[in-house]
Amino acid sequence: DPKLGHENIIHAERSQIGIVFAEAGLTESGGIVLFSSPEKGRSVSLLPETSIVILRKSDILPRVAQLAERLHKMAQDGIRMPSCINLIGGASSTADIELIKVWGVHGPVHAAYLIIEDC
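Numbering (the numbering used here) for the sequence shown: 742 to 860.
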């Protein structure tokens, strides 16, 4: 519920599992695409230790190029674009501290994909 604001973040921090619905999956990288908006916050995909990603089979795209085509069509059709588009393709990494590379700093430790048939 977007009206709960910061309370949603607190619930996500305390949760062991976050369940998200992906906008698309990319076969080229094995990644997923998540849109953010006031109705679709990012906390549930980032803060819990485990993420379960639900993806419709028809939303599996070969490459980022097909995602760009889909976004272009959305814009042409007057569909409001998300405030943020996240392409998640694996463990995060950073070298912020003393230029030492560290993996898995941001986001869940475990992830599972559930691919469903279209209804």
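Don't read these hints as lab results, they were simulated from the structure.
Some hints here could point you the wrong way.
[As the list claims (entries may be wrong)] As a list, the in silico DSBU-like pairs of lysine-lysine whose alpha-carbon atoms are at most 30 Å apart:
(1) K781 - K814
(2) K814 - K798
(3) K814 - K842
[As the list claims (entries may be wrong)] Derived CB-CB ranges, DEER-like:
(4) Y854 - I826: 14 to 20 Å
(5) L840 - I820: 20 to 26 Å
(6) E754 - D859: 18 to 24 Å
(7) I801 - H747: 31 to 37 Å
(8) S770 - C825: 30 to 36 Å
(9) E810 - Y854: 21 to 27 Å
(10) I795 - G746: 31 to 37 Å
(11) H851 - S770: 29 to 35 Å
Where is the CB? At the ideal position from N, CA and C, for every residue including glycine.
Structure versus earlier hints, numbers of those that do not hold, lowest first: Numbers 3, 5, 6, 8, 10, 11, in rising order.
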